[in-house]
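Construct all of the structure, not just a fragment, from the sequences and the given hints.
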Amino acid sequence: MNCVELHQSLAEVEDGGSVERLAHLRACPACSALVRDLNQIAAAASRLQAADEPSPRVWNSIEVALRQEGLIRLQRAGRPLITTFSRWGAARWLVPAAAMLLLALGISVRRELRPNPSAQQASVAVPVANPSDLNDDDLRQEIANNTPEIKTLYEENLRQVNDSIRDAQGVVDETPNDEDARRSLMDAYQQKAMLFELAMDHSAE
Amino acid sequence: MTEPRHQQTTEPSEAELIERAKLGDAVAFQALYDKHKRRVYSLCLRMTANTAEAEDLAQEAFLQLFRKIATFRGESAFSTWLHRLSVNVVLMHLRKKSLPVVSLEETTQGTEEDSPKRDFGADDIALAGSIDRMQLQRAVDNLPPGYRTIFVLHDIEGYEHNEIAKIAGCSIGNSKSQLHKARMKLRDLLKMNRAEKATKSRVG
Chain A
1 MNCVELHQSL AEVEDGGSVE RLAHLRACPA CSALVRDLNQ IAAAASRLQA ADEPSPRVWN
61 SIEVALRQEG LIRLQRAGRP LITTFSRWGA ARWLVPAAAM LLLALGISVR RELRPNPSAQ
121 QASVAVPVAN PSDLNDDDLR QEIANNTPEI KTLYEENLRQ VNDSIRDAQG VVDETPNDED
181 ARRSLMDAYQ QKAMLFELAM DHSAE
Chain B
1 MTEPRHQQTT EPSEAELIER AKLGDAVAFQ ALYDKHKRRV YSLCLRMTAN TAEAEDLAQE
61 AFLQLFRKIA TFRGESAFST WLHRLSVNVV LMHLRKKSLP VVSLEETTQG TEEDSPKRDF
121 GADDIALAGS IDRMQLQRAV DNLPPGYRTI FVLHDIEGYE HNEIAKIAGC SIGNSKSQLH
181 KARMKLRDLL KMNRAEKATK SRVG
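Order-wise, the sequence lines are chains A and B. Going by this note's numbering, the first residue of the first sequence is number 1, and it counts up by one from there. Going by this note's numbering, the first residue of the second sequence is number 1, and it counts up by one from there.
Among the hints, erroneous ones may be present.
Under 7 Å between C-beta atoms, here's a sample of chain A residues computed to sit facing chain B [claimed, not checked]: (1) LEU10; (2) LEU38; (3) ALA42; (4) ARG47; (5) ALA50; (6) ALA51; (7) GLU53; (8) TRP59; (9) ALA65; (10) GLN68; (11) LEU153; (12) LEU198; (13) MET200.
Which chain B residues stay away from chain A? Per the calculated CB distances, all over 12 Å, these [to be verified]: (14) PHE29; (15) ARG84; (16) LYS176.
Calculated Cβ distances over 10 Å to all of chain B for the following chain A residues [said to hold, decoys possible]: (17) ALA11; (18) SER18; (19) VAL19; (20) ARG21; (21) LEU22; (22) LEU25; (23) GLU69; (24) GLY70; (25) ASP136; (26) THR147; (27) ARG166; (28) ALA168; (29) GLN169; (30) ASN177.
Everything labelled a hint here was simulated from the structure, so no lab data went into it. Think of the CB as a built atom: it goes at the ideal place given N, C-alpha and C, for glycine as much as any other residue.
Structural data, given as structure tokens:
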């Protein structure tokens, strides 16, 4: 192998190479230096990954856009999220129930306060005794005036959260003393409560 | 003495963040952004060599991701999904600017405008010592866009040639050839840079 042939082979050969190639590299300082440099460049390149940070402007713009599109909302200060409930013991069951209760009440009250409510709407006041009575149609009504994209997003989330509740309920029914299963069910109800709350926020905007 | 009650402070996993973001949680969106912003922005910066463009493209990539987050099913890694999406955003941008994603040199025989010098067997100076990160970054910025795209995807981001061929819409052979030429061009640029520095230090 000569220098020209070696250069022509460089694009194809990632590492090592043929016996002829290695023999040429041992005998030719120029080609040997070239190959060493190219390997060095490739090795140094990997250190360039994820080395730079965008300015705060980028997140600010993203946040503004997502808020305008209704995809994110303000996180209320100190508002506990699902993961913070896991050490509350038996009392934590009250949380999703209370959340659903409040949301149900909220929806009912808001309906009562709406100008010109139809008789049909007024009669659909949500029963508050049982959180599971908060049906999905109530949520759909809350988001009825949003864009199709938003409504699709809610429908998808609603489907997922209902699947989660059904699965978790099934496990709890089979193993009532399973702490993890009860926690999963509680989490799923909490997710649904958040979804209703979000829908109310959207509806209020 | 009773221990104070602590709120659980374990950092949520990426899967948890994604689920929360799907529900519209602003904090989760920001946490996902913070986790991946450097990689996405660096990719955009390397491929465009322009900070303003890179920021706009990083913003666009995250926006597209967050708009689609409800469809994320977790079959593939979130970072892989985001990364592929970011590459597509940049390539679309380059195409709109009419910059070649892959160098046209492959199909234009005899034009060596951007091609590295072929000093076969010449007794030239090697790049002695380690390569400075900043020097390399500047050299990458000075690569022609076609070379830069392939070099960034392969040597910096770690894509394989078959993946690059699919992403950039070229052949595997073309990707290999472009990468080799990009490395050769970088070698020339780095050597020139060192020669200039050596001259300045002698004069100074």
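| field | Proposed interface contact between A/LEU198 and chain B, which counts if any beta carbon pair is under 7 Å | value | 5 Å, holds
| Close enough to count: is the Cβ of A/ARG47 nearer than 7 Å to one in chain B? | Check passed: Cβ of A/ARG47 comes within 6 Å of chain B, closer than 7 Å.
| Given A/TRP59 was flagged as interface, is its beta-carbon under 7 Å from a beta-carbon of chain B? | Cβ of A/TRP59 sits 6 Å from chain B, so the hint holds.
| 10 Å Cβ clearance of A/ASN177 from chain B | 23 Å, holds
| query | Does the no-contact call for A/GLY70 survive, Cβ to all of chain B over 10 Å? | reply | 8 Å, violated
| query | Can we confirm that no CB of chain B comes within 10 Å of the CB of A/LEU25? | reply | 12 Å, holds
| said: So B/PHE29 supposedly isn't at the interface. Is its beta-carbon more than 12 Å from every beta-carbon in chain A? | reply: B/PHE29 not clear of chain A: closest Cβ-Cβ about 5 Å, inside 12 Å.
| task | Evaluate the condition: distance from the CB of A/ALA11 to the nearest CB of chain B exceeds 10 Å. | result | Violated: least Cβ distance 4 Å, not greater than 10 Å.
| task | Against chain B, does A/ARG166 hold up as non-interface, every C-beta pair farther apart than 10 Å? | result | Label holds. Min Cβ-Cβ 17 Å, cutoff 10 Å.
| request: Double-check A/ALA42 for me: the hint is only fine if its C-beta lies closer than 7 Å to a C-beta in chain B. | output: 5 Å, holds
| query | Taking 10 Å as the cut and beta carbons as the points, is A/LEU22 off the interface with chain B? | reply | It holds; A/LEU22 is separated from chain B by about 17 Å at its closest Cβ, greater than 10 Å.
| task | Could you check if A/GLN68 really has its C-beta closer than 7 Å to a C-beta on chain B? | result | 11 Å, violated
Figure legend: structure checked against the earlier numbered hints; hints not met, in rising order: 10, 13, 14, 16, 17, 23 and 24.
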